[in-house]
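Engineer: Listed here are the chains, written in short residue letters.
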Amino acid sequence: MNQQEYQRLPAEILFQLEIETLIKNEKYPIPEGWKMSPRSVLTYICGGKSGNMDITPKYIGNERLVEIAIATLVTDRALLLIGEPGTAKSWLSEHLCAAINGDSTKVIQGTAGTSEEAIRYSWNYAMLIAKGPSEEALVKSPLLNAMETGSIVRFEEISRCASEVQDALISILSEKRVSIPELNMEIPAKRGFSLIATANTRDKGVNDMSAALKRRFNIVVLPAPKDLKTEMEIVEQRVGQLSASLGLQAKVPSVDVIERVVTIFRELRNGITIDGKQKVKTTTGVLSSAEAISLLANSMALAASFGDGKIRVQDVAAGLQGAIVKDESKDALAWKEYLENILKKKGMSYYDLYHACMELNQ
Amino acid sequence: MENIFGIRHLSPASAYHLKHFLEQKKPRFVLIEGPSDCNDMIEDIVQDDLIPPFAMMSYTIDTPIQSLLYPFANYSPEYVAMKWAYQHHIPCAFMDLPSSAFLTMEESQLQQDKVIDLDMDVNDQWERIFEHVDDTFQFKEAITLFAHHLRELNPPDGQTCLREAYMKTTIEKIKETGLLEDDIVVVCGAFHIEGIQQATCLSDNEYQKINQKLVNRTLMPYSYFRLSSLSGYGAGNKAPAYYELLWQHMLENQPKQAAYDYLSRISLYQREHGYNCSTAQVIEALQLAQMLAAMHQETLPSLQDLKDAAIACMGQGSESQLMEAFIANDIGTTMGYLPKGMSKTAIQNDFYSQLKQLKLERFQTIVATPLELDLRENTTVKSKNSAFLDLHRSCFLHQLRFLEIPFCALLPSKQDTADWKETWELKWSSEAEIILIENSLYGESIAYATQFCIKQKLEQSTNMSECAFLMEEAFLCGLPDSLLHALQAVQSLAIDSSSFEDIVSTAKRLSRIMRFGTLRHSANENIEPLFHQLFYRALLLCVESCQCDDKVAHTIMEAMKTMNDLSIQHDHYMEEEWLQVLVELIHRDDMNPFLSGYATAILLERGFLQENDFQQILTYHISQGISVDIAANWFEGFMMRNHYALIARSFVWKQLDEYIQDLEEQDFLRALLYLRRAFGTYSAKEKHDIAKNLGSLWHLDENSVAEVLNGDLKKEEQDLLDELEDFDFGDF
Numbered sequence: 001m002n003q004q005e006y007q008r009l010p011a012e013i014l015f016q017l018e019i020e021t022l023i024k025n026e027k028y029p030i031p032e033g034w035k036m037s038p039r040s041v042l043t044y045i046c047g048g049k050s051g052n053m054d055i056t057p058k059y060i061g062n063e064r065l066v067e068i069a070i071a072t073l074v075t076d077r078a079l080l081l082i083g084e085p086g087t088a089k090s091w092l093s094e095h096l097c098a099a100i101n102g103d104s105t106k107v108i109q110g111t112a113g114t115s116e117e118a119i120r121y122s123w124n125y126a127m128l129i130a131k132g133p134s135e136e137a138l139v140k141s142p143l144l145n146a147m148e149t150g151s152i153v154r155f156e157e158i159s160r161c162a163s164e165v166q167d168a169l170i171s172i173l174s175e176k177r178v179s180i181p182e183l184n185m186e187i188p189a190k191r192g193f194s195l196i197a198t199a200n201t202r203d204k205g206v207n208d209m210s211a212a213l214k215r216r217f218n219i220v221v222l223p224a225p226k227d228l229k230t231e232m233e234i235v236e237q238r239v240g241q242l243s244a245s246l247g248l249q250a251k252v253p254s255v256d257v258i259e260r261v262v263t264i265f266r267e268l269r270n271g272i273t274i275d276g277k278q279k280v281k282t283t284t285g286v287l288s289s290a291e292a293i294s295l296l297a298n299s300m301a302l303a304a305s306f307g308d309g310k311i312r313v314q315d316v317a318a319g320l321q322g323a324i325v326k327d328e329s330k331d332a333l334a335w336k337e338y339l340e341n342i343l344k345k346k347g348m349s350y351y352d353l354y355h356a357c358m359e360l361n362q
Numbered sequence: 001m002e003n004i005f006g007i008r009h010l011s012p013a014s015a016y017h018l019k020h021f022l023e024q025k026k027p028r029f030v031l032i033e034g035p036s037d038c039n040d041m042i043e044d045i046v047q048d049d050l051i052p053p054f055a056m057m058s059y060t061i062d063t064p065i066q067s068l069l070y071p072f073a074n075y076s077p078e079y080v081a082m083k084w085a086y087q088h089h090i091p092c093a094f095m096d097l098p099s100s101a102f103l104t105m106e107e108s109q110l111q112q113d114k115v116i117d118l119d120m121d122v123n124d125q126w127e128r129i130f131e132h133v134d135d136t137f138q139f140k141e142a143i144t145l146f147a148h149h150l151r152e153l154n155p156p157d158g159q160t161c162l163r164e165a166y167m168k169t170t171i172e173k174i175k176e177t178g179l180l181e182d183d184i185v186v187v188c189g190a191f192h193i194e195g196i197q198q199a200t201c202l203s204d205n206e207y208q209k210i211n212q213k214l215v216n217r218t219l220m221p222y223s224y225f226r227l228s229s230l231s232g233y234g235a236g237n238k239a240p241a242y243y244e245l246l247w248q249h250m251l252e253n254q255p256k257q258a259a260y261d262y263l264s265r266i267s268l269y270q271r272e273h274g275y276n277c278s279t280a281q282v283i284e285a286l287q288l289a290q291m292l293a294a295m296h297q298e299t300l301p302s303l304q305d306l307k308d309a310a311i312a313c314m315g316q317g318s319e320s321q322l323m324e325a326f327i328a329n330d331i332g333t334t335m336g337y338l339p340k341g342m343s344k345t346a347i348q349n350d351f352y353s354q355l356k357q358l359k360l361e362r363f364q365t366i367v368a369t370p371l372e373l374d375l376r377e378n379t380t381v382k383s384k385n386s387a388f389l390d391l392h393r394s395c396f397l398h399q400l401r402f403l404e405i406p407f408c409a410l411l412p413s414k415q416d417t418a419d420w421k422e423t424w425e426l427k428w429s430s431e432a433e434i435i436l437i438e439n440s441l442y443g444e445s446i447a448y449a450t451q452f453c454i455k456q457k458l459e460q461s462t463n464m465s466e467c468a469f470l471m472e473e474a475f476l477c478g479l480p481d482s483l484l485h486a487l488q489a490v491q492s493l494a495i496d497s498s499s500f501e502d503i504v505s506t507a508k509r510l511s512r513i514m515r516f517g518t519l520r521h522s523a524n525e526n527i528e529p530l531f532h533q534l535f536y537r538a539l540l541l542c543v544e545s546c547q548c549d550d551k552v553a554h555t556i557m558e559a560m561k562t563m564n565d566l567s568i569q570h571d572h573y574m575e576e577e578w579l580q581v582l583v584e585l586i587h588r589d590d591m592n593p594f595l596s597g598y599a600t601a602i603l604l605e606r607g608f609l610q611e612n613d614f615q616q617i618l619t620y621h622i623s624q625g626i627s628v629d630i631a632a633n634w635f636e637g638f639m640m641r642n643h644y645a646l647i648a649r650s651f652v653w654k655q656l657d658e659y660i661q662d663l664e665e666q667d668f669l670r671a672l673l674y675l676r677r678a679f680g681t682y683s684a685k686e687k688h689d690i691a692k693n694l695g696s697l698w699h700l701d702e703n704s705v706a707e708v709l710n711g712d713l714k715k716e717e718q719d720l721l722d723e724l725e726d727f728d729f730g731d732f
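Line by line, the protein sequences give chains A and B.
Quick note on the UniProt record's numbering: the first sequence kicks off at 1 and runs consecutively.
Quick note on the UniProt record's numbering: the second sequence kicks off at 1 and runs consecutively.
Okay, chain A solo, but in the shape it has when bound (with noise of 0.2 Å):
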């Protein structure tokens, strides 16, 4: 695969190396149909050393949730992992796949249009209707496929899907076979086969999911990172990769700016200042690391085509003014009530931010 190609690669392609490292230098049990064993796959995510190479960490924050994860796709559980949206799951569900597999691709993509076929099976109708049922007319899905080959599928926002989709999970995970009674078989899944699934807090309610199913499930919830430093080196990290992985030829924002996006996401999120000294109305928008992410890499991009390939601050203004509001009536007054308020308030370090913020907004 030429790597130059594609917007963005699987997981397993771009830390490679690390993987390949760490399967080299294993030194405990490996369970049947993983690539390593549970502690590298910890290492893998969290960070660490393997032989002489720096791992880099991939998931930044509370790292017994990790363990709790890694722990249960080490039994024949399935995984679901809950969170608020931009915290990570999607995120958290490639590296594992990658790390336990080596193969993050077998997806799942949850819509509210995604049938029952999807996650069984489908049929090739051309073949079909010239052969009749035969295994080669059969088009198996992601899960089927993880089933046969003994690894990891990853079901990505099942709440989203139809409540009686979901329900054919139930029997699945359950007896961990398919059955085809169109051509009489049974499709067992071998050692190794699980599955993680990934679901919005914010979706509550939408297709909220069955007891049954949720009994089947060892659940996780994934927090927002717990303070300002922890999300800082969230978004650092990550902007670093995606400006690499993008080709932005922009220079990586400097810590200073990534401390001021962060900080103003997250009073705005939490609804009272870092300090704790100052309520804050919150916005209608989530305003995850995740968008603090895009947002940076957003004002690289416009830096790289528009300007001198620094970071202007009219540039992440203008990356703040479409992240935060998202509903014109209300947000744009929480806005700049936050503007007035709390930035304006917040010193010289913040005053050409704040001033390319007000211009925006008059």
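Just so you know, these hints were derived from the structure itself, not from any lab.
In this text, all values refer to a predicted model and were calculated from it rather than measured experimentally.
Don't be surprised by glycine CBs; every beta carbon is placed ideally from N, CA and C.
Be aware that a few hints might be false.
[What the hints assert, rightly or not] Estimated spans, in silico, between C-beta atoms of each pair: (1) 680(B) to 344(A): 52 to 62 Å; (2) 320(B) to 171(A): 26 to 36 Å; (3) 271(B) to 130(A): 55 to 65 Å.
Following the hints, position chain B against chain A.
Structural biologist: Just chain B, lined up with the frame of chain A:
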């Protein structure tokens, strides 16, 4: 010395391995780290009918009381060692500094000692490393090494060194009796192993000196809640109930079972409390917990593993759903029990025998339980004692309340009229026992201690209403002697008292005692004359007190209200005189206008004011001739009583209406503040009725007037009012 066995206090693994060690070594003497002046308690501690958790308590002989606690659970290694020695008929003794020495040390040093030996933050790590070691020898080696490193990191302070030297001296003294080193097993916190080995013995002189001081000591039941760090108390242990579980399974040589047991208990708790939690989930949680342990290269899951697994498998990822189950199973409601007569203080014995007599034993749990008392005679039972059981209970509980022993709390009564009923909430805690023991300095029994405290407070008090308060307490506690004491104190202070409010509040307390005296069987013939005396004094002082400024007007008003109530409650006692005072108040111009208005309201309400007189007084007080703030203030006082009596009199509203319309703008603004305040106490319904009155006065539609008048203020109006509040009228 090979025979020093290092332990961690309150650790089941330590207890388990210690027991094994003792069985292997078969010593002829066991020495335990513990206060050496408490040796005589060991005999009681090892009795079979004592149920842990319990604590040894030492406290100073003099006030202010300082106390020191040594808590034990049944998985405390020290307790296990004592039991073992007793069962094998081997002498056993404590070897640490006497508790008296700790109690006389500096405050700051004391604090330090409460967190004993090993840093408590290492709980999870400790559990992973030590709680699951199978082999006794390995355990002993490991903990000794661990302590060695700990000692390197935190070198011992002066106090610790002294303790270690003392312990070493005690060991040497035991050896002098002819025992060989191999015959003695020494049990101490692992931290002290090296210290004891390296310490130099104290000289005889020093040793004697330490032992000189005297303190009181006793045993007391303890609770797991108190033992857990949740109660915010030093020597805590994160999850006593869980450790007990671990201990039970260790005794059966099945430490693995503890995990099964714990998760099943969580699931059972969840089911009992309406959550869906199946056996399948328990199995899954167990698998996950074992996997988590395996990731840390452990064979058995730690408590944290179990909890995290339970959250993922049973709690849908959120800890909050399982919080209650965790607390119930980590800490639990276990209480220790001491057999009768084992507690060393008379007041404890008195307390427990009273609990039994009054049939209150079932309330000795740490779950708060309500108790309703009916103080009247129960006519369905035979003996006099059981007929008044609830009354006796009430007196007992009032005594505890007065002594601030947190065993009971009096809940506010639901109806004002049913004074024969009391609702209490009873909840036992170790704190209650501690305070109970501390009260032993005041008397041999609860009643004596209460009497003593009342007497002491009476002697210190120079204020009549304070004494009256104590008198009422004595009355509630059913202590006739104290009541008499307090009565005498009140009498002597009453002679010189000239404060109207004090006298009235005292009279009110006396009145309560008189009215409920028969119910509580403690009527006293001396009270009534005193009450009459005070009431009369108040009558004489009333007029004078009403010549006051606005600041105290409200307190005086409350006192007037009480006077009026008292007169009515006691068969219209001195009614004529009281009304006379009120009439004087309304006719004199040098009274505080607010109180004068209030007096008018009382008279009007009681029907002693002719309609004509009333109209004349009202017209007089709110007329142009009188300065506007005096008029408005008068009206405010006038409106403090029966609202309906005013609403029903259309004359009032007509008069007020005319008055307001005649006011100049400046004056109106001044009156506005008083009037708004006065109407603030009226309910929405009452305001509606007033508006209707005004509507009919103005010949307008009543309802629409009400709507306009009771609507929300407009912003400009609100601003205007805010401005007025800030305005200083003194500038006029």
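Engineer: Which of the numbered hints above does this structure break?
Structural biologist: 1
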